[in-house]
Each structure stands twice: as structure tokens, then as C-alpha cells.
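Trainee: Now for the letters of each chain:
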Amino acid sequence: MNEDVIFETVKRNVLEVLPDLEPDRVTMTGTLTDLGANSVDRADVVTMTMEDLGLVVPIAEFRDVHDIASLVDLLKRQA
Amino acid sequence: MKVVITGMGVVCSVAATVPSFARALREGRCGIGPVPDIGDGGPRLAALVKDFRFEDAVAARTSLPEELRQSALRAARRSPEPLKMDLVAAMQAFGDAGLHRCAPPADRLGLVVAGHNLSSGYVQDLYPKYENNPEYLPARFALHFMDTDRVATLSQVLGVKGEGYTVGGASASGNVGIVNGSRLVESGAVDVCLVVGATTDLSPMEKRGLATLGAVAGAGDAEPELARCRPFDVRHEGFVPGQGSACVVLEGEESARARGADVLAELAGYDLKLDGNSLPDPHEDGEAKVMAGAMAMAGVRPGEIDYVNAHATATPLGDEVEVRALGRVLGPAFGRPWVNATKGLVGHCMCAAGVVEAVATVIQIRHGFVHPNLNLRRPIDDGCRFVHGAAEPADITWALSNGFGFGGFNTSIVLRRPPHAP
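Taken in sequence, the protein lines are chains L and R. If you're matching positions, the first sequence starts at 730 in the working numbering and goes up one per residue. If you're matching positions, the second sequence starts at 726 in the working numbering and goes up one per residue.
Bound conformation, chain R alone:
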């Protein structure tokens, strides 16, 4: 069965909708800014969502029925901000796919929320209240601290009554969600599946922990320069945390045709494999294996890949291992596809990253460009066709989007421009 993407949504540091994300990517707008020093040696930079007002974002979904918008406000008005962002991204994708006009029966609609440990920041914020007077913990706390609150609230608002759950794979969670969503559709468990890359609200303690491992750029610096996020540059030194959510709607080609939904891209292949490794270090073998596996499933040859949306968090080891793995998989075609890193613009959206990057990839396929690697001056590899400081026009039929996570999670997906598209 051909699985296709028929709807997309995104809320991140540079865009509140998919069309504005397309403009931001083309312009190479960067959402990274300074964050206050809390004196713990943690990140001093982050790509945060700016000026997000839930009521306004819901009101802006004018194509959706008033009743659905009211239901969103009622269900999530008092929820933590990250859930509100997920809901808005999901509402965008739901409307984009025309599910408010023509949807399968509620129990044939699925929902996969990609991510785990999503609300630790919220929990840490409430800790002082708990310490002072546990009786004053909000009654909703017991609902909101669970990752599954995202599944529950989104399913209530969007009327999802088929299969649904959270799935996790550290920084590869987004792709893990896309793989699971595709399998739900392929197996016939659901007709249509929303996959939401969930806004990951890390606590200061967790961010400090990541900085301890040397994974965060500019951690603890008094005045870190904003250009510190440098995927693929010899001066790369780690990732910058990003805030964001994204959603894709997956369904079979037949279902899309029957519903009269536009096909934005085909999810032509994927692969997901573990390294059998509890550490954060990436492995060339595992990365190469999933890229080759996803390409084999899609039936695409190395010389046909036009574009790679790399995982590329800008940690030295991560970038270098990914480029080596790409070299191994692409062989003589290594220098052919454009390669860029969306994390250089929107930061590392952690569990949401894979879905944010899938949306970025589909945008670039459809709009015929590749976005810049903003801070790339001296590439770590001369053979790889990195985009530099400005967007380039690109005719993309086949694209690869990678996601790798601490603990040996390797994922890769292949996206294809639909044959009838311009």
C-alpha cells in the first residue's frame, strides 16, 4: 500500500503555520536567541516559540468549524503551553487534510504522539508549590504530567476514536512516530493517522544534564554568540534546544483519493533499527543500515536521491558519523544530493524534531528549494554537497530525512514528490 501525506501543521520558533514556515526556510530565518542565565551552567541559547497565544492561534484556524475551535478552547484552555502548541499544529494538519469536511468513521482515525518525558519542565515548575503545600497542587496536575495527556486532549478535540498512543525514541522520536503511523495505516488498523511530533518541555535540570555530556552549544557561557549552532561546520560544538511541534496526516493513496484530499508527498520508505547501545554515541553502521533500508523499501537507488534532511544536531561526533554513513550508503553519488540541517534554523526540537523536519522536507520538495545551513563557513567534508548561507533552487523528487537518538535509535524515512505534482 502506498502511504501518503495529506496534511501538515507546524508551530516553531520561526513560524506559526506551514506557509510561514515555507517562507522562513527559504529566507533562512533563524529562531535562536539568548535565554536568561540561571547560573547552572546549562544552555544560554534556545529557539523558542515567540508570541504564541492559544486563543488567537485557534481563532486563526478559520477553515475549521466553529464548534471544533470552541471544543479546542474548552479542552485545552488550562493545559500547559506545550500541549496547546501540539493541539494547534494538529488542528492545522487536520484542516489541511480536509478531515473536517470528509473523514473516515471516528474509530478508523488514529493518533500517534511522538515523544516521551514531554512535561518535565511543567513538573519542575510546580515543585515549589508541592514542597510548600502539596494540597495546592492543581487537580489537573495528575492529568497534565502524563505524556498521554497529549493523546487524550487531541483525540477529544479532533474526534479520534481509533488506535492511539505515544511512542518514543529520544531525538529520533519524530521518525519513530511516522514509522508507527505508517504501519497503522498499512496494517489496516486505521484509515487515516495523525502523527504529532510533541513539544518537549525539558526541565532546567534535564537541559543541564545534556550540557554535562557536552551536547549543548554555548552552555554556561556568559555571552554566547547567536551563531553558535553550526551543523557541519568545523567549529560545530553541540545543539541548541528548540521549541516546536509538528503534525503530519498519513493515509493510504486510495483513502486520499476517496476523500478528495491533495497528496502532498508519498512516504515511500522507512527503516528503524537499534544499535544495541545504551550510550549517546552514534554508530555509522546503524545509521547507514537504516538509510539503505529506507531506500530499499522505497525502491530508490543512491544516484536518485536529490536531497537529504540530515539529523545533524551540530555535535561534532554526530555530524561526522552521519556524513560518513551517508558516504557509505550513497557511494559514488555521495556528492549528488543537497544536504542541510533544519536544526540550524529552529534548534533541536527534541522529540518533535523528526516531524518538524518531515514537514520541512515536504515543503522543500513542493516549493523546489533547499534551505540554507546558515552558519556553515568551513564544512567538515569537501565531498558532501552542503547548502551554504542562502537557499538554492532544487528539483527534488526523492528525499531522505534522518533521525538518530541517544541509546542507539536509528531512523530514516524516504519522501517522494507525488508523480502528478509540478
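So here's chain L without its partners, still in its complex pose:
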């Protein structure tokens, strides 16, 4: 699966969870926490993105995700 597709899906869900956010602030190098997402917001973004992409990633594997780039990378490896 194309990395851009995964990123755009993450971005769409970040904006759904945090609708007040400027869309341009969601970038590969940013973190969800810096964008204002709390722990449940972050988990929401992950489950929504997995569902949109039809992927299933065991929860434990998200331990090492620290920014949007590593989230996209993890999802890409499972795709």
C-alpha cells in the first residue's frame, strides 16, 4: 500500500478526532501528542485508520510508535 494513501488516511482521522486543527499542521514529522491528541484520541486515530485501510495490527506493536512517520511505517509493513 502506498505510503501517501496511509498518511492521508491518518490525516483525515486526526482531523476527525481534532476538528479544530489546521489541516497543514498534520505532517509526517509531527506527533499526535504535539497536535493536542490525548491517549484516547491517539487510540481512536489508530483504530479508525486500521478500519479504513482494512488492516489489523496487534495493539502491542504500537508501543514503539512515537510520531506520525513511525505510525505510517508500521501500518505500511502490515499492509
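Hints were generated in silico from the structure; no laboratory data involved. Treat the hints loosely; a few may be bogus.
Sample of chain R residues with no beta-carbon within 10 Å of chain L, all distances over it, derived [what the hints assert, rightly or not]:
#1 Met1022
#2 Ala1058
#3 Gly1093
Chain R residues, not near chain L, derived (Cβ > 12 Å throughout) [to be verified]:
#4 Tyr890
#5 Asp1010
#6 Arg1091
Ranges between beta-carbon positions, derived for each pair [claimed, not checked]:
#7 R:Pro853 / L:Asn767: 22 to 32 Å
#8 L:Lys805 / R:Leu1004: 53 to 63 Å
#9 R:Arg1102 / L:Asp781: 48 to 58 Å
#10 L:Pro748 / R:Glu1029: 50 to 60 Å
#11 L:Asp781 / R:Ala867: 16 to 26 Å
#12 L:Val769 / R:Glu791: 20 to 30 Å
#13 L:Phe791 / R:Pro853: 18 to 28 Å
It should be emphasised that the depicted structure is a prediction, and the values quoted were computed from it without experimental measurement. Where is the CB? At the ideal position from N, CA and C, for every residue including glycine.
Chain R: place on chain L using the hints.
Mentor: Just chain R now, with coordinates in the frame of chain L:
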């Protein structure tokens, strides 16, 4: 200590605010309509909230600070609809009581959410997703399935940091909440307490279960007529589920005076007693006891009660036992007070019903009328002064509002018009 009501809010099938509820009650507007047949023999009628848009309902609270409205949107934008309705009702009452202008310290403000099993419909809606792929359950599910999510989200938005929790008593939950809220104020645990009758989102399976017990009017019928909800009529056959939320703000008379808040009514008395009975059947003894207890606490005599907002779900046994209990308590004054059933207009709002009906009672006290019992043609009792098909003017100083629940929950509250009111 005198406990008074200084704020009210409501969202139900006939009204999105307290002033529109007052108009709807006076006009005898009924919120009951048909619901799709899902083929399970369950309810075919319901009084559902129509055209509720959370963003619009929050924006309409223009008397509240912009910051509070934004906080409501942020906290609850993605919450289930029933929580949004509770939040809007609570925001109305909060503003009505002037708590955005003058409030006690946050840890002196309490919150009682009346209700239990509030989100089963939400859980059942998500069940297919869980069955297909449990990984896709929303992360917020673990928060939203809990009744206490209502307490948590409302407290965050309204800045409540004193005592708070849910309380339950089946269909009597609303009054159970009012009794608990009053006790928090009387005991000095809080200065001001919001009591929210919570929107009860029953699942289809639960509604079918209630229909199995014969408690639901028109269940399983191909084309049930809309007038099937008939409290106190010889043709009564059960309740119609209602959707709704309501909130009252309780505080001591001194606190209201110090805050400069208008007193809408006095909560002059209450009583809550169990029958010691696990079944759904009501008991005249228990019902009479709590009505008498609430009147004794208020110091009001049977001959002084002007109005009774009956529990009256329109189940034959429930209505008849309540009328008998009223007869026992009121004695020779049995035919004196007006009696009506708000459930005939807004359906049975389940856990919220007691608070919805307390709001309806205060409205009728303040506006000097009693709302109709819309579908009452042949009353089950000739001695009881039922309102019929149109509202009647009524000078109400003392009112009784009853709430009874499956499993022997008996509650009654006495509301009094404040002495200085017109």
C-alpha cells in the same frame, strides 16, 4: 434547611428547551410516533427527540460563555447522542440557575446523574463491529459504555469538582436522583447540586423484554394507532418508550439568595422506600407510604395538595394501584387535586422520567395550568379529578410527583410554589 430549585433544563420529544416544553404541555402536544418494525414483536411506537443537532443546541445556549460552549463541543462532539442530550439539558439548567455568573467553588458543586443501564442501545449497535473485527471497536467505547461517562463528561464541561455519581431505581431513578441531590445539599456535602435525569438508550433486545412482560402499548402491532398511550383510561394497555433528558439545579435557600438566583420552586419533601419485592408489580402500601412520607416531611395536609403528577405509565395494574394509593393517602380530599400523566405526552423517558416530570410540575405550578391527559375518554375512577383532553387553569401551591420502578422502588416528592411567586 429549605432546598429549592433554581434552574431547569429539558430535551424531549415535544421540546428542546424549558419555555418550549411549557408551550407543548399547555397545548397538549404529543411526541409519540411510529417506529419501524424490526420484526421482534417489540414497541412500534416511541416518543423520540426530533431534529436534535448537538452543535446547534450548544450554539443556542447564548447566555453561556463562549468558552463553556466550546468546551462542550470538544468534550462531547464524538459522544453518543444520549450523552449529548444530557449535556444540553444540564447546560440549560446551569445557565438558568446563573451558575456561569455566580457559582460556589468547584468542589462545592455536585452532580447526580439519575439512571442506570443507560447505553445498551449504543453497545448493541457496536456489537456487529465487535463480532466482525474486535480491533475496530472505537477506542472511546470503553468510556462510552459506562453510565458514569455522563457524570465524567458533564463534570468536565461544567467544572463540577464536588461529589458526583450515578444513582438508580429503575423507572423511579429520576426521583431517586432528586432525593440524593437534596441530601447532598442538606448534609452540607455540596452547596449546589445538579440532578440530571439521563437519556436512557435501551437496546431493541431490552425493549422486547419489556414487551414480553406486557408493559408496552401496541408492541408487535402491524399498524398501532398513535393514541395507544392512555394513562388512566379503561383501555390503557402499557407505556410507550420516550426519549428525553432533564436537569434541575438544587441548592439551599440561603445559597440561592446569596447567589441572587431566582427560586423556581421549593423541594419541600420527599420519600423513598422499597417494597422488598423483586417483581415488576406495584404495591399500594409502598406507594401510599412514600406519598404520605413526602407530605409529612413537607408539612402539608392531604386537603392542601392541589396537583398530582402521577407516575402513571398507562399499564393497567400500575395506574389502578396508584389511584388506590392516592385515595388512601388523600382520604376525603381524594377528588380535590388535579391529576395528570406527563408520560401520555412525552412517553416513558425511563430513568429520566422523574426529572422530566419534576420540570413539568414546576412549569405547571409557575404558569398556573395543568396539562391534558390526551387520550383519556373513560377514566378508570370517577372520584379522581383527572384532567381530560385540554389544559385547565389551576392555582397550584402544593404538588406531588410520583415515581415507581420495577423491583419495588417507591418515590414521591412534594414541590411547592415559592411564597413570593405570583
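Trainee: Hint by hint, say whether it matches the structure.
Mentor: Results of checking the hints against the structure:
Here Met1022 of chain R stays apart from chain L, with its beta-carbon at least about 44 Å from theirs, past the 10 Å limit. Every C-beta of chain L lies more than 10 Å from that of Ala1058 of chain R, the closest at about 56 Å, which supports listing it as non-interface. Taking the minimum C-beta to C-beta distance to chain L, about 46 Å, the non-interface status of Gly1093 of chain R holds against the 10 Å cut. Once the 12 Å rule is applied to beta carbons, Tyr890 of chain R is consistent with being away from chain L; the minimum gap is 22 Å.
Taking the minimum C-beta to C-beta distance to chain L, about 49 Å, the non-interface status of Asp1010 of chain R holds against the 12 Å cut. With a minimum CB-CB distance of about 40 Å to chain L, Arg1091 of chain R clears the 12 Å threshold, and the non-interface call stands. A C-beta distance of roughly 28 Å is found between Pro853 of chain R and Asn767 of chain L, which places it inside the suggested range of 22 to 32 Å. Here the CB-CB span from Lys805 of chain L to Leu1004 of chain R is close to 59 Å, well matched to the stated 53 to 63 Å.
About 56 Å separates the C-beta atoms of Arg1102 of chain R and Asp781 of chain L, a value consistent with the hinted range of 48 to 58 Å. The hinted range of 50 to 60 Å is satisfied by Pro748 of chain L and Glu1029 of chain R, whose Cβ atoms lie roughly 55 Å apart. Separated by about 21 Å at the C-beta atoms, Asp781 of chain L and Ala867 of chain R satisfy the suggested range of 16 to 26 Å. With their beta carbons about 25 Å apart, Val769 of chain L and Glu791 of chain R fall inside the hinted range of 20 to 30 Å.
The supplied range of 18 to 28 Å is met by Phe791 of chain L and Pro853 of chain R, whose beta-carbon atoms lie about 25 Å from each other.
Against the hints set out earlier in the document, no violation occurs for any number.
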